[in-house]
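Protein chains: 4
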Amino acid sequence: MSSSLGKLFAITVFGESHGRCVGVVIDGCPAGLPLDVADIQPDLGRRRAGAGVASTTRREKDRVEVFSGVLESFTTGAPICLLIMNKNVDDSAYEALKSRLRPGQADFTARTKYGGFNDWRGGGIFSGRMTAAFVMAGAVARKILKTIGVEVFAHTVAIGGIEARALPYEDAKKKALKDPLACADSAASAKMNALIEKVKKEGDSLGGVIEGVALNVPVGLGEPIFDSLDGNLAKALVDIPAVKGVEFGAGFAAARLKGSENNDPFTVEKGKVITKSNNSGGILGGISNGMPLVVRVAFKPTASIAREQATVDIEKMKDTKIKVSGRHDVCIVPRAVPVVESMMAVTLCDFAMRAGLIPRVLK
Amino acid sequence: MSSSLGKLFAITVFGESHGRCVGVVIDGCPAGLPLDVADIQPDLGRRRAGAGVASTTRREKDRVEVFSGVLESFTTGAPICLLIMNKNVDDSAYEALKSRLRPGQADFTARTKYGGFNDWRGGGIFSGRMTAAFVMAGAVARKILKTIGVEVFAHTVAIGGIEARALPYEDAKKKALKDPLACADSAASAKMNALIEKVKKEGDSLGGVIEGVALNVPVGLGEPIFDSLDGNLAKALVDIPAVKGVEFGAGFAAARLKGSENNDPFTVEKGKVITKSNNSGGILGGISNGMPLVVRVAFKPTASIAREQATVDIEKMKDTKIKVSGRHDVCIVPRAVPVVESMMAVTLCDFAMRAGLIPRVLK
Amino acid sequence: MSSSLGKLFAITVFGESHGRCVGVVIDGCPAGLPLDVADIQPDLGRRRAGAGVASTTRREKDRVEVFSGVLESFTTGAPICLLIMNKNVDDSAYEALKSRLRPGQADFTARTKYGGFNDWRGGGIFSGRMTAAFVMAGAVARKILKTIGVEVFAHTVAIGGIEARALPYEDAKKKALKDPLACADSAASAKMNALIEKVKKEGDSLGGVIEGVALNVPVGLGEPIFDSLDGNLAKALVDIPAVKGVEFGAGFAAARLKGSENNDPFTVEKGKVITKSNNSGGILGGISNGMPLVVRVAFKPTASIAREQATVDIEKMKDTKIKVSGRHDVCIVPRAVPVVESMMAVTLCDFAMRAGLIPRVLK
Amino acid sequence: MSSSLGKLFAITVFGESHGRCVGVVIDGCPAGLPLDVADIQPDLGRRRAGAGVASTTRREKDRVEVFSGVLESFTTGAPICLLIMNKNVDDSAYEALKSRLRPGQADFTARTKYGGFNDWRGGGIFSGRMTAAFVMAGAVARKILKTIGVEVFAHTVAIGGIEARALPYEDAKKKALKDPLACADSAASAKMNALIEKVKKEGDSLGGVIEGVALNVPVGLGEPIFDSLDGNLAKALVDIPAVKGVEFGAGFAAARLKGSENNDPFTVEKGKVITKSNNSGGILGGISNGMPLVVRVAFKPTASIAREQATVDIEKMKDTKIKVSGRHDVCIVPRAVPVVESMMAVTLCDFAMRAGLIPRVLK
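Protein chains in written order, with my numbering: chain H, 2 to 364; chain E, 2 to 364; chain W, 2 to 364; chain F, 2 to 364.
Simulated from the structure, these hints should not be mistaken for laboratory data.
Any given hint could turn out to be false.
Unchecked claim - The following label-pair restraints were derived from C-beta to C-beta distances:
id, chain 1, residue 1, chain 2, residue 2, range
1, F, P219, E, K364, 49 to 55 Å
2, F, K271, E, M86, 51 to 57 Å
3, F, P360, H, K179, 40 to 46 Å
4, E, E316, H, K179, 45 to 51 Å
5, W, K62, H, A191, 44 to 50 Å
Bear in mind the structure is a predicted one, so any value in this text is a computation, not a measurement.
Backbone N, C-alpha and C fix where the C-beta goes; we use that ideal spot for every residue, glycine too.
Using the sequences plus the hints, can you model the full thing?
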């Protein structure tokens, strides 16, 4: 089904930006996992409008509620339904624009596909708001992964062309958590921040790049041919709204290297086989090799901008102009950091279960 | 199942590089499609070692045989099994290397995952040779897509950092078909060729970038959330061995643009809604918008190189050296062009069927 | 995922008997279907405790709420989430029994599988109460099927060994709807009723058989080999709690007939090919043949009975006795009639979509 | 995809009755399983025309060939393709009947569904011959199950209304293996045999019932709601051509019992919880309870009979007569015994893998 992802650890998403709720059903979570809203709420907080200038001035109060699958703060093995009830949704801004297609949004494609019956308010199911469901599922997946030592984190590595300096992963993780733009390089973060302020005044928007990292991934996750770990990660990440590209390890840069430069030499260290470099991003032949799993995800700039744009009035089938007012992020990248983590975690959790690494009952 | 891809038009792949065969089962092909080996053989020819210097000096005689699903040159509606019997497979080069892990290959991950039972000869199921199965399925998918006017083609846009000049798609398609490196820009192709010759002498290898394009894609392919068209294309393309990145439309470059630059303005042309630019690559909200669907795929340089590399003898668990002799491509990019086309076609065909655009019986 | 069913029209179920809610996510519903709680509530009413003696004395007030996928009373094409909030759930009866395994229930298997973390209150997700989710999905599926003229209904054909007389389907449908036991043969219904009263006094319970019928099914639903229409119906029906058998057309009786008796002769009537008899139950080779689709489903007697039974105290691992008090149906068969209809409708709807018979937008 | 079954242990079937081959791709088989054609050939022998009068006089020489997934007699973890090449297929008998619909066969439904492009020779993919693919997969599944002590067997319990006496399972298993009709009760077998001889002379056919049993099934196989063990077994068994019904444990008879009769009391025996009776057939709440898993499957009489039947000439759209000559079984039940075993084994193997009971590498 099209709103489901995963095989053993699988999630089903529903809801709308301006409808009643955003929700997720998590299927295949082992029984016995301690689970509370407090495990999920912080990630939703990171996804929510932050304190930084980058983010929308809305204050969505996203409070997760557990609707099924948890009894006395432990998972039961039954599907877990998590829900956020939408509050104070204001359709007026969208009502005025209803017949004018917002460039860069799903207005045109959804309207055509669904004969105009689609929920047009704020993009409906095509809204970035749906990623709150991803984050709820991701928080559960990360808690499961922790039981086998796998850790997933992400951080902002570029905004509007300003690139962050690379840091050791442990460092990057800690620093990014404290940075308002989720960027580990504070000098770059300051520049990004200045650019965001400038672009905000112009009524424009910015995109950027997030790097996701998974540490302590066991060797052997991924199945041959069509259940490669990278193929499934690519799908899960590109399914995030606004993502336009994904690359693993050296990625597009690898296409410019020679084999002798790109190949990661193997060596034995402390009785384990590792590679001296990590151009592969931790995946060889579609299977994890035990090195840090590294993926970079390109986000396009926010489509909703205050500047006037050329577009079409779909009811009159005539060219017209549009200014998308409302409370929009200049750059959604910092808010998307926990979303990237979540899609990585959901995918890794499914593959770890398929590899038989996670027991059906956790104790 | 891990060796299957697709929902209504679905393929299952099996076989090995140095085993008995490479095969594919195609499920969900409409009945009544005229189908002959002659429809498939040319694409296999393009995938096979070419005449150019880029390619392996092997001459794999890949002859497709129809094992099921076709009667009197028409598809029957039953699963179509297509098979290539491997010939003259020579294991001796691999036998000598058996315990030494080839850098950049699946030797280490497959061996660990399968406890050493994996077919190590030429990579077994992790070999690039498996893409012959993709190409057989892709030829069928493209023939189906043609019945609704959709055309898929791909071409080399970069090798070893040398980039081809952009050309109009119709032009690019024709020129790429005639170029030994499947590159539409003949000046760039000449440079690429020179570089390949040079690198070949060094015993080294090159990667590159392929652009895939689908024309006349109807508006509306793609399903919400987890069956986005781009998410599924990303998965299908990253499942190709050696792929390290994928991007749609402006892709990673979009992350450096402002919203006002990246958004594609809508306009009405000849009674249809189109966009004036195509930074989206033909996909909005995970759904095709009728513009050319454009994707770029990064291939790492061939992992098997003649130069000496540091590695590990996995049986002795000791560092050692390896020189991978044998007949290997300096650059597999030109041969991967029909593979990219095939994975795009298989994915598009599945989504076109899900959108109800392809009848179950073709007449 | 294990709580999902279907490919194009797919449902995901969650919730618990004594938890917060019972819910379903319906994926793949075409856009433009008029949908209101009033379309669903009546079927829930039929599933709820009836007026007859057969049923529990509980009065579950099952009110469906639409949480997503519907805008201004039309489906949007996005996943539809329907929810019933549980009310006045009383755990006390279950608390007392917690460590004693109820014979015929999932207590032992669920407890073992989930290490005791399963929701033991009223069976949790293994409760018959979960079928309220099936019925919500079924109501939507039946409304879709009506757009192509397909009608699904079910009726009680046996309770406790008392069998109803066969009637023409149109007749049976109308009479069953009015009968408190959903039995079209009023004489048999009276006898069943008397038996139920008698068995109720004994603190015992009864099972029975439901016949499901689908009329005007187009020829051609069902796919070869593993997506046979009957195979998928069998799965969907056996997934209903308490079902122990399923048969199509002549079913088990066919195993006693000769080929010349069981084969349905073809004939031409009004320009259409039909069969003179319908021992096949409307399915040949796993594909619908246009005749009424007929399936019979065996329900075991209610497992929860007031009489004393031998069992095990799982915490003490000792034999003991149990009397399951609480409000239980003597015979759940009449309440299961809309459940059988629902699982048939959900399955038929999926196959009709796969056959391309239902447009993605209904107008 | 419609020709695939299973999630972790999954099979894909292809081929035709009178085409080039019958084949199966087995995905998810653990690496390190010793596997040889000698493991599969005996089951194919049992499925092939037997020595008894019941069976076709054809002598299909079904020789299995391994096309992938096995290296030096051990499975590699890659998909296993097993193939039987068809030999001496004689289409002449079918050619003559081509436009006349054989009652009880898929001729009409397949022809309608596929617009006449279906392979009509011997039923094509709808032929009982396809079950040879099931048996090849089943042989592999049973070998895997043996590693965790699970044993699957089936036997004929009724033919043409003659029922076999119940025997202890160990007894039944041994005796059935030696009986030409795979019936453990030799007195009943003799009567069945006599009936078959009589009906053969009449040019007619017989159906029957097969009981499938799985011993030593661990507690806990099966997932909640839509991946119940019984639901999936029902699907897999009804997917066998000619099956019209399936029941678990007491099955349809349970519908006539009272709760106090049907409930299986729990007791502790040798430190384990068991049930004193087994009306549940080893499944409670869709999950195995450790008791013998018992299922009965109803087969209709062979549809192809030598007697004249009324039918339709589909090209002339006129009523006509048909006599199906050719080499057909009077009763396919004895040959279907390994097919029932196979579908049970394939399903159990998938669920055992999902429960994490089978390692990915067998040593």
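Check your understanding: Can you list which hints this structure breaks, lowest number first?
Key -> 5
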